[in-house]
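One line per chain: the protein sequences are A and B, in this order. Remember, the numbering used here sits 123 above the position in the first sequence when you count from 1. Remember, the numbering used here sits 4 above the position in the second sequence when you count from 1.
By construction, these hints were calculated from the structure, which means they are not laboratory data. Positions of the beta carbon are idealized from the N, C-alpha and C atoms, including for glycine. Be aware that one or more of the hints could be misleading.
According to the in silico footprint, chain A covers these stretches of chain B (three or more CB under 8 Å from chain A) [what the hints assert, rightly or not]: (1) 24–30; (2) 234–242.
Here are some of the chain B residues that sit facing chain A, going by a computed Cβ distance under 10 Å [unchecked claim]: (3) Met5; (4) Gln7; (5) Trp8; (6) Leu10; (7) Ala52; (8) Gly89; (9) Gly200; (10) Trp201; (11) Tyr204; (12) Leu205; (13) Leu210; (14) Gly283.
Only part of the chain A face toward chain B is listed, based on derived beta-carbon distances under 7 Å [said to hold, decoys possible]: (15) Arg144; (16) Thr196; (17) Arg197; (18) Leu201; (19) Phe203; (20) Ala204; (21) Gly237; (22) Trp251; (23) Leu258; (24) Leu262; (25) Leu266; (26) His271; (27) Pro273; (28) Asp304; (29) Ser355.
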Amino acid sequence: MSAVWLFLYLGCLMRLLTLYRLDFKRPATFLLLLPVLLLPLMDRICRHQAWVLRKGTIRAAGLTALICALALTRTFNLGFADTTHLGLAAIYALMGLSLSVVAQAHPGEHTGTGLWIWVAAWEYAGTWHPTLTLLGAGLSGFLLAFGHLPEEEPSWPCMHQINSFWAAALLGLVLPKPGFDFQFAGTWPGALAVFALGVAIAGLPRLRELLSRVPNAVPLLLLGLAFVLYPSAWVCFWALVVGLLWGAVLPRFSRPLCRTRTGLGFAAGVVVSFTLHSNLGIPFIRRLLWLGS
Amino acid sequence: MKQWVLPYFCAALALLAVGLPLKTRLDAPRFGAPAIVPAGKAFEVSFATSLPFVPWRAAAGALERQWGLRLEQGGRRILSHRQSGNQHWITLADPTPVAGALRLPVDGLEHWSEGAVPDRLVLVHVADFPSTGREAMLERFVDEMAVLKPHAVLASGDLAYDSSAEWYTFLVGQLRRLEVLGIPVIACPGNHERGGWARYLNTFGLNTTHRVNLGPFAILSLDSAHGRDRLTPSQFQWFQDQLDHLEGRVPLIQLHHPVFPPGPAIHGNGEKSGGPLFGYRDGLVKLCVERQVPIVLTGHWHQDAVFDATGRFRDDTADFPGTKFVVTTALGDALRRVTRWPLSYYGYRILVTEKGRLLRYTQDLPGQPSPTPIASTPSGTWLRGGRP
Numbered sequence: 124m125s126a127v128w129l130f131l132y133l134g135c136l137m138r139l140l141t142l143y144r145l146d147f148k149r150p151a152t153f154l155l156l157l158p159v160l161l162l163p164l165m166d167r168i169c170r171h172q173a174w175v176l177r178k179g180t181i182r183a184a185g186l187t188a189l190i191c192a193l194a195l196t197r198t199f200n201l202g203f204a205d206t207t208h209l210g211l212a213a214i215y216a217l218m219g220l221s222l223s224v225v226a227q228a229h230p231g232e233h234t235g236t237g238l239w240i241w242v243a244a245w246e247y248a249g250t251w252h253p254t255l256t257l258l259g260a261g262l263s264g265f266l267l268a269f270g271h272l273p274e275e276e277p278s279w280p281c282m283h284q285i286n287s288f289w290a291a292a293l294l295g296l297v298l299p300k301p302g303f304d305f306q307f308a309g310t311w312p313g314a315l316a317v318f319a320l321g322v323a324i325a326g327l328p329r330l331r332e333l334l335s336r337v338p339n340a341v342p343l344l345l346l347g348l349a350f351v352l353y354p355s356a357w358v359c360f361w362a363l364v365v366g367l368l369w370g371a372v373l374p375r376f377s378r379p380l381c382r383t384r385t386g387l388g389f390a391a392g393v394v395v396s397f398t399l400h401s402n403l404g405i406p407f408i409r410r411l412l413w414l415g416s
Numbered sequence: 005m006k007q008w009v010l011p012y013f014c015a016a017l018a019l020l021a022v023g024l025p026l027k028t029r030l031d032a033p034r035f036g037a038p039a040i041v042p043a044g045k046a047f048e049v050s051f052a053t054s055l056p057f058v059p060w061r062a063a064a065g066a067l068e069r070q071w072g073l074r075l076e077q078g079g080r081r082i083l084s085h086r087q088s089g090n091q092h093w094i095t096l097a098d099p100t101p102v103a104g105a106l107r108l109p110v111d112g113l114e115h116w117s118e119g120a121v122p123d124r125l126v127l128v129h130v131a132d133f134p135s136t137g138r139e140a141m142l143e144r145f146v147d148e149m150a151v152l153k154p155h156a157v158l159a160s161g162d163l164a165y166d167s168s169a170e171w172y173t174f175l176v177g178q179l180r181r182l183e184v185l186g187i188p189v190i191a192c193p194g195n196h197e198r199g200g201w202a203r204y205l206n207t208f209g210l211n212t213t214h215r216v217n218l219g220p221f222a223i224l225s226l227d228s229a230h231g232r233d234r235l236t237p238s239q240f241q242w243f244q245d246q247l248d249h250l251e252g253r254v255p256l257i258q259l260h261h262p263v264f265p266p267g268p269a270i271h272g273n274g275e276k277s278g279g280p281l282f283g284y285r286d287g288l289v290k291l292c293v294e295r296q297v298p299i300v301l302t303g304h305w306h307q308d309a310v311f312d313a314t315g316r317f318r319d320d321t322a323d324f325p326g327t328k329f330v331v332t333t334a335l336g337d338a339l340r341r342v343t344r345w346p347l348s349y350y351g352y353r354i355l356v357t358e359k360g361r362l363l364r365y366t367q368d369l370p371g372q373p374s375p376t377p378i379a380s381t382p383s384g385t386w387l388r389g390g391r392p
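Make a model of the complete structure from these sequences and hints.
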């Protein structure tokens, strides 16, 4: 569920916020960010309030996520999101929290090719309209809560271990780059779809075996390089490489995967990336960030 | 594999649930980015549907119903169509002869038919519109345009300091008045539009970077105002592509942010305006020089300024070779002193061109040399009977 939460929900939310601007003077902004702000507390909440992880609650959360996703997508399909609207922000928040509950109840991490193709399909749907990716997140939460989203557990031991927070932060730094092209029908959904396909390809048995032998530093350094080197005309190729690198990094996380750590790491990476791209008046940063474009 | 059948079946159902009944979003031509084409020449209507892979005839039917327009009307015929996912492009042509220079859109589609465009074209450039409480300034500007009768108005952003529905209704109403006068409006967003971005996109469509052909000109509007890298890689690539496919037209560029910083011409702290183009400035300037772009029109500083391609502030003369990088004062928002240029007033800029050649872009002012460098036309000049 982490992949769905990270790339379908959080990725879509981050894109929405960077596209439509975040206004911290408005309460709607805090509502939109509530699921991310509550992320560090989810473990504690679930430990102290056992009813949160009961089957009935999880199913209710899954259903709520789907209903919220349907409501948002019906409202926004073909349209433009008003991030200052309190009611819509509340639906976003409710959806995010519901997905959080479902994800908390399913700490097992998917690694199957099927799941990544599912993620890629929904990211591709985002090229029709960005909100459709959210529908994928809501539907995934619903299917998982009712036990209909196929899960595969990792079946191989990995020698190398990587800190999931820093790796996710690095990915958060790199992955939104196509989004900073700031076109409504921009390249981010397509790039994310190719990225997810890249992760799926990296999970194929032979490649997986090969990649697992590579030392930690190699994929991490290459990911860092992808942050600097971004050829906008070759964005699909770039996204495929980032996907393959993430596919090499993913099995190195300790299991069960800590969603709090990866989620916060990813969000922190996106924020840093956004800040760097927002301060391009500094010539050195400007040249560094769009190297290759 | 079988275990994925149910999720994908549910996905299809979910997509149907959010996509039915079929809706459309008209992307081009739109208000602020009209299609201006000579009679008989093809132009493209692009739109998206709420469901992907809908047959184009059904999609076109939905478009007509929702937007109250007829794609095939009078002499206008569909020539071809193409489709990708939920995006459709329909090519139309209208051979009906046009009396005069331009024929107004008549059917809800922002399509202007171009007739015999005179050799001498007058364009007006404006930026930084008045806001709530100063509505009369915008009304007076439209009244003035009714006297001046330019062939088009180019609006380079900050049209809506107030992103309320009321302001947008008023703004669109005034800009529509220009259209009724036979003056198409070509708009690009400024940084203040980002405050109510959804409303701007709903009003002007999602193509914030666009090209409008008018007579001998290809008017390229760029979106520099998202507050990050100003021009982004994909936008710069689009700009380069457009310059590679000018079809003999002369490019005119408009964007919100001034290309150059005030530099040594800064006045005090420039009222903290700064705000030049950061990303891709060198690339943009290089292309403008190479492709002999006569003028790049910008706003944002609320004061007039003109630079040459080296970034030198040209308050010495209005007539210098190469591309003119022009900043036009505010039409109605607060005035500033950003540069050493001593004059500051509300106004707009008149561009006089002949056969695609820029003849004049400044206004002679009393007590100043002729031609006066830098100066735009003070608001009300034409209502008082002045002449450029």
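- Message: Checking each numbered hint in turn, tell me which of them this model violates, lowest number first.
- Response: As far as the earlier hints go, not one is violated by this structure.
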